[in-house]
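Now for the letters of each chain:
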Amino acid sequence: MPALDRKLFRDLLHLWGQGLAIALVVACGIAIFVAMQTNYQSLQLSQINYYDQYRFAQVFGQLKRAPESVVTQIQAIPGVAQVQTRVVVDVILDVPGRQEPVTGRLISIPEQQTPMLNELYIRQGRYIEPGASDEVLVSEVFANANHLQLGDRLGAVINGRWQSLHIVGIALSPEYVYEIRGSDIFPDNQRFGVLWMGRKALGTAFNLDGAFNDISLSLLPQTDTAEVIFRLDKLLEPYGALGAYDREDQISNRFLSDEIIQLRTHGTVIPAIFLGIGAFLLNIVLTRLIGTQRDQIAVLKAFGYSNWAIGEHFLKFVLAIVALGAVLGTLTGLWLGAALTKVYANFYHFPVLRYEVSPAMVTGAILISGGAAILGAFGAVRRAISLPPAEAMRPEPPAHFRQTLIERWGLQRWLSPVGRIILRNLERKPIQSMFSMLGISLAVALLVMGGFSQDAMQYLMDSQFHTVQRDDVTIVFNEPRPARTRDEVTHLPGVLYAEPFRVVAARLRFEHRSHKIGIMGIKPDTELRQLVDRHLKPVNLPLDGLLLSSKLADILGVQPGDRLTVEVLEGSRPTRTIPVAGLVDELIGVSAYMDLDALNRLMREGATISGAFLAVDEHQLDELYALLKRTPAVASVSLRKAMLQQFQQTIAQSQGVITTIQVVFACIIAFGVVYNAARIALSERGRELATLRIIGFSKAQVAVILLGEQAVLLIAAIPLGLVLGYGISALMSLLYNTELYRFPLVITRASYAFAVVVILIAGLLSGWLVRRQCDRLDLVAVLKTRE
Amino acid sequence: MFWNHHPNAKLSSGNAAASSVVFHVHGITKVYQMGEVEVQALRSIDLDLYEGELVVLLGPSGSGKSTLLNILGGLDIPSSGHFFFRNRDLTHATDAELTRFRRDCVGFIFQFYNLIPSLTARENVALVTELARYPMRPEQALDMVGLSDRLDHFPAQLSGGEQQRVAIARAIAKRPEVLLCDEPTGALDYQTGKLVLDALAQVNQELGTTTAIITHNAGISAMADRVVTMRSGEIIRIQVNEAKVSPEELEW
Numbered sequence: 001m002p003a004l005d006r007k008l009f010r011d012l013l014h015l016w017g018q019g020l021a022i023a024l025v026v027a028c029g030i031a032i033f034v035a036m037q038t039n040y041q042s043l044q045l046s047q048i049n050y051y052d053q054y055r056f057a058q059v060f061g062q063l064k065r066a067p068e069s070v071v072t073q074i075q076a077i078p079g080v081a082q083v084q085t086r087v088v089v090d091v092i093l094d095v096p097g098r099q100e101p102v103t104g105r106l107i108s109i110p111e112q113q114t115p116m117l118n119e120l121y122i123r124q125g126r127y128i129e130p131g132a133s134d135e136v137l138v139s140e141v142f143a144n145a146n147h148l149q150l151g152d153r154l155g156a157v158i159n160g161r162w163q164s165l166h167i168v169g170i171a172l173s174p175e176y177v178y179e180i181r182g183s184d185i186f187p188d189n190q191r192f193g194v195l196w197m198g199r200k201a202l203g204t205a206f207n208l209d210g211a212f213n214d215i216s217l218s219l220l221p222q223t224d225t226a227e228v229i230f231r232l233d234k235l236l237e238p239y240g241a242l243g244a245y246d247r248e249d250q251i252s253n254r255f256l257s258d259e260i261i262q263l264r265t266h267g268t269v270i271p272a273i274f275l276g277i278g279a280f281l282l283n284i285v286l287t288r289l290i291g292t293q294r295d296q297i298a299v300l301k302a303f304g305y306s307n308w309a310i311g312e313h314f315l316k317f318v319l320a321i322v323a324l325g326a327v328l329g330t331l332t333g334l335w336l337g338a339a340l341t342k343v344y345a346n347f348y349h350f351p352v353l354r355y356e357v358s359p360a361m362v363t364g365a366i367l368i369s370g371g372a373a374i375l376g377a378f379g380a381v382r383r384a385i386s387l388p389p390a391e392a393m394r395p396e397p398p399a400h401f402r403q404t405l406i407e408r409w410g411l412q413r414w415l416s417p418v419g420r421i422i423l424r425n426l427e428r429k430p431i432q433s434m435f436s437m438l439g440i441s442l443a444v445a446l447l448v449m450g451g452f453s454q455d456a457m458q459y460l461m462d463s464q465f466h467t468v469q470r471d472d473v474t475i476v477f478n479e480p481r482p483a484r485t486r487d488e489v490t491h492l493p494g495v496l497y498a499e500p501f502r503v504v505a506a507r508l509r510f511e512h513r514s515h516k517i518g519i520m521g522i523k524p525d526t527e528l529r530q531l532v533d534r535h536l537k538p539v540n541l542p543l544d545g546l547l548l549s550s551k552l553a554d555i556l557g558v559q560p561g562d563r564l565t566v567e568v569l570e571g572s573r574p575t576r577t578i579p580v581a582g583l584v585d586e587l588i589g590v591s592a593y594m595d596l597d598a599l600n601r602l603m604r605e606g607a608t609i610s611g612a613f614l615a616v617d618e619h620q621l622d623e624l625y626a627l628l629k630r631t632p633a634v635a636s637v638s639l640r641k642a643m644l645q646q647f648q649q650t651i652a653q654s655q656g657v658i659t660t661i662q663v664v665f666a667c668i669i670a671f672g673v674v675y676n677a678a679r680i681a682l683s684e685r686g687r688e689l690a691t692l693r694i695i696g697f698s699k700a701q702v703a704v705i706l707l708g709e710q711a712v713l714l715i716a717a718i719p720l721g722l723v724l725g726y727g728i729s730a731l732m733s734l735l736y737n738t739e740l741y742r743f744p745l746v747i748t749r750a751s752y753a754f755a756v757v758v759i760l761i762a763g764l765l766s767g768w769l770v771r772r773q774c775d776r777l778d779l780v781a782v783l784k785t786r787e
Numbered sequence: 001m002f003w004n005h006h007p008n009a010k011l012s013s014g015n016a017a018a019s020s021v022v023f024h025v026h027g028i029t030k031v032y033q034m035g036e037v038e039v040q041a042l043r044s045i046d047l048d049l050y051e052g053e054l055v056v057l058l059g060p061s062g063s064g065k066s067t068l069l070n071i072l073g074g075l076d077i078p079s080s081g082h083f084f085f086r087n088r089d090l091t092h093a094t095d096a097e098l099t100r101f102r103r104d105c106v107g108f109i110f111q112f113y114n115l116i117p118s119l120t121a122r123e124n125v126a127l128v129t130e131l132a133r134y135p136m137r138p139e140q141a142l143d144m145v146g147l148s149d150r151l152d153h154f155p156a157q158l159s160g161g162e163q164q165r166v167a168i169a170r171a172i173a174k175r176p177e178v179l180l181c182d183e184p185t186g187a188l189d190y191q192t193g194k195l196v197l198d199a200l201a202q203v204n205q206e207l208g209t210t211t212a213i214i215t216h217n218a219g220i221s222a223m224a225d226r227v228v229t230m231r232s233g234e235i236i237r238i239q240v241n242e243a244k245v246s247p248e249e250l251e252w
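Sequence lines, in order, name chains A and B.
The numbering of the first sequence is this note's numbering, which starts it at 1 and goes up by one.
The numbering of the second sequence is this note's numbering, which starts it at 1 and goes up by one.
Hint data in this document are derived by calculation from the structure and do not stem from the laboratory.
Where is the CB? At the ideal position from N, CA and C, for every residue including glycine.
Accuracy of the hints is not assured; some may be wrong.
From the structure, some residues in chain B lie toward chain A, with a derived Cβ separation under 7 Å [to be verified]:
| id | residue |
| --- | --- |
| 1 | L75 |
| 2 | R103 |
| 3 | N114 |
| 4 | I116 |
| 5 | E123 |
| 6 | V128 |
Required output: the full structure, derived from the provided sequences and hints.
As structure tokens, this is what we get:
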């Protein structure tokens with residue numbers, strides 16, 4: 001091994017603490033990069049393959065009832081490749097072992113297994129036998145959540161008749177990768193599931209024999225989707241079409257695609273922050289290391305080592321540290337990535353969600369970290385080699401010190417000599433001080449961001465499930481019912497109170513923008529549904545006009561006072577212009593509210609309702625559930641409490657895992673920055689500190705000088721970090737502003753406090769480590785040699 | 001003997017004036033910034049150094065000795081004037097040319113030894129032999145300065161005199177044409193200092209290496225062929241030493 005490499009090796013051993021601290025920071029960045037990017041690729045690849053192999057449709061539509069004969073006309077629309085008509089109905093299921101009613105979505109499949117759009121992947125069991133009217137396939141996630149097995153039986157109210165369904169297969173569909181009811185944002189797989197049943201049995205039961213109420217299309221390449229949708233809507237309008245939409249608006253696909261995009265963004269932004277900090281740490285360490293090796297560089301140059309050889313020497317030093325970081329990071333990243341894939345497999349259901357790692361990804365990670373290292377080292381190495389040897393030979397000229405600002409203000413008498421040393425040092429190297437501060441504040445900011453993710457999610461849940469939704473149970477009827485049904489509901493066992501609502505599918509138009517939505521009509525005095533503004537203050541429902549959620553107003557580009565065109569998509573399909581009366585702020589989905597009576601008037605119908613919000617007596621729940629299960633008029637039941645529980649079990653848990661990782665990584669950064677800054681200060685100023693010890697300073701006093709400077713930086717960095725963290729969180733809150741949900745900018749005091757405490761602990765720990773080294777200063781040895 | 005293979009190796013003639021000129025320095029000045037202060041380190045220096053001679057540069061601190069030595073060694077460039085090494089004009093040499101010059105021709109010895117603390121004695125020497133064209137083996141160089149039993153010691157495990165002798169071994173291991181020593185005994189006690197000087201004299205004798213020693217210690221000048229005395233950036237006297245003594249006989 002060449003002698004210079006030996007020096008490199010021993011320098012690395014000597015500086016192992018600092019090297020390791022930097023390697024860990026780099027490892028964090030690489031780990032997140034690898035974990036997220038590999039998952040991004042795995043999910044994207046699985047999505048593309050699945051959609052492709054199982055013929056996921058491109059255009060979807062729901063309608064009331066259309067005869068099969070329409071299909072020929074649909075087929076004739078230019079660009080349409082394949083048409084799949086189906087019967088899709090939501091019914092109440094009785095699942096063995098589950099007290100509460102469960103909503104099942106029955107989807108028709110051909111009696112004979114033939115290739116179709118939205119093809120099923122049969123995991124277990126078999127396809128239905130032709131003519132076996134009680135056979136069903138159930139979705140895998142629903143089967144797992146309810147411990148259903150092949151051969152099990154489920155009870156269902158199908159068109160008013162109690163029927164027992166026989167599970168013959170367990171399947172997955174590209175339509176339900178993310179299996180949720182349209183109105184929810186979190187999956188509740190115990191209480192909502194998809195079942196596939198023979199077309200004949202389903203058609204007969206729901207009076208859709210020779211007819212359909214759901215359509216999917218695949219398109220020829222280079223087809224204008226909007227044009228097809230326009231023609232399809234026109235064609236199906238007489239049949240009660242609710243408006244067709246493309247893949248982008250298909251709910252499962254939408255969640256999945258959003259997740260994939262988010263992964264990509266996350267997997268770029270966060271590693272960039274970490275690697276940036278790593279590069280910056282390398283720069284500090286290397287600059288100062290080169291400072292302490294000034295005379296060694298001079299000797300090497302004096303003996304004829306070229307600039308290139310010396311530059312290479314220090315670059316190797318950096319690359320060795322980063323290589324360690326890259327290896328640690330890649331391994332951790334692969335491990336985290338595999339774990340993350342398991343988390344994703346809980347929510348997104350593919351026939352196979354294989355965790356795939358491309359060699360290009362690993363190479364990429366290593367190149368990126370190497371790049372960050374070289375970037376960080378560049379300036380320092382350049383300074384090292386541009387130092388003329390004769391100058392390097394001389395000790396550094398005494399630094400320019402002057403009275404600090406504070407002293408010039410005449411406050412010096414408040415400062416002890418030690419205090420002045422600390423202050424003057426800080427002021428002498430403002431850029432270095434600023435960078436150290438910035439590094440620490442970035443760590444604080446990361447901790448604040450970790451807190452923000454949790455706080456925002458908690459706030460979202462609180463506001464949605466405590467403030468906005470106050471009912472215990474929401475029931476939806478299979479078709480609009482007369483208002484007096486409310487009285488019947490009120491008399492169900494255990495129901496304390498019921499409030500009716502009406503939901504009407506409509507398209508809202510303003511200028512060239514439009515959006516499809518269910519307008520919800522509620523009573524002005526409704527207590528089980530609270531309309532709130534941004535500050536969770538109640539908003540009154542006007543007697544006329546629409547209340548839009550602010551996200552919907554954004555999408556449509558309207559403000560209160562503007563008049564919207566409302567095209568109702570059901571009943572007599574009236575079109576009216578209605579003013580926007582005000583805005584509400586809801587964090588989940590988008591919504592439009594109207595006074596119930598006004599909505600009934602708009603529909604030119606008598607007092608009609610679609611469902612009811614219920615407040616119930618918990619002691620009589622079982623009785624209520626039992627009855628609801630056998631009520632043919634009820635299509636769906638959702639339970640607020642179950643929803644919250646489900647949320648906490650799944651989303652909160654996986655969110656928790658991700659937040660924990662973020663916090664651990666932030667701690668590593670905090671420690672890496674603080675320890676490095678203090679440790680280098682010790683080697684730079686060993687001589688000065690030893691001199692102070694010799695003239696009679698105690699170990700403690702010397703430590704105060706050394707660590708006091710770091711402490712000042714740390715304390716100054718905290719508020720900066722909190723502000724920075726708030727800023728980045730605000731940015732994230734903006735980025736997470738999708739139609740599905742918004743992340744409110746909520747950071748609790750506890751989160752701020754946590755960030756501060758963690759950073760202080762990191763500071764104290766590294767202070768303690770450096771203090772130990774400082775106490776062991778060899779006074780004589782330090783003074784004997786030149787700096 | 002081993003040095004006979006070296007193209008530049010020759011036995012010391014003891015007669016400096018008859019030898020060819022190694023360094024030719026004409027009218028050089030050097031001004032540099034030291035913090036906020038501008039220092040006029042050299043004011044118009046003229047000097048020739050001859051092959052195989054041992055020259056002592058004598059003068060108080062701040063007289064410009066080190067600056068002159070740095071320029072001779074290609075560590076620094078003059079602010080004005082001309083500087084030749086064996087008829088090669090190095091006044092305006094590029095950084096790469098100076099690096100080449102130092103690598104091939106010059107051996108340095110410093111007051112504070114400037115050993116790399118993370119390398120052993122042998123490795124410190126190897127650092128230089130790996131670069132050189134006709135180097136000795138590190139062990140051989142260390143043997144010449146009497147350190148064959150300290151090969152694997154780190155600088156921190158060696159006394160000051162031993163460290164300086166490692167530095168000498170490091171400087172001579174590549175068989176340089178010139179050896180430039182900046183206060184080589186400055187940090188050493190009397191006895192050890194003499195040991196180190198003895199090693200230098202021996203190298204000068206045996207390898208015929210042109211040697212320049214900087215010192216502010218007039219006692220050392222007795223071992224030189226010529227003594228150049230400097231003050232305030234100027235040469236005030238050049239003396240040829242008729243009765244050169246061996247380092248053991250020096251007194252200060």
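Hint check results:
With a cut of 7 Å, the hint placing L75(B) at the interface with chain A holds, because the nearest CB-to-CB distance is about 4 Å. For R103(B), the interface hint holds, since its Cβ comes within 7 Å of a Cβ in chain A; the closest pair sits about 2 Å apart. For the restraint placing N114(B) at the interface with chain A, the shortest Cβ-Cβ distance is roughly 4 Å, inside the 7 Å limit, so the hint holds. The restraint placing I116(B) at the interface with chain A holds, with a minimum CB-CB distance near 5 Å, inside the 7 Å limit.
Because the beta carbon of E123(B) sits about 5 Å from the nearest beta carbon in chain A, less than 7 Å, this interface hint is met. Residue-level restraint check for V128(B) holds (minimum Cβ-Cβ distance to chain A is 5 Å; threshold 7 Å).
Checked against the numbered hints above, the structure breaks none of them.
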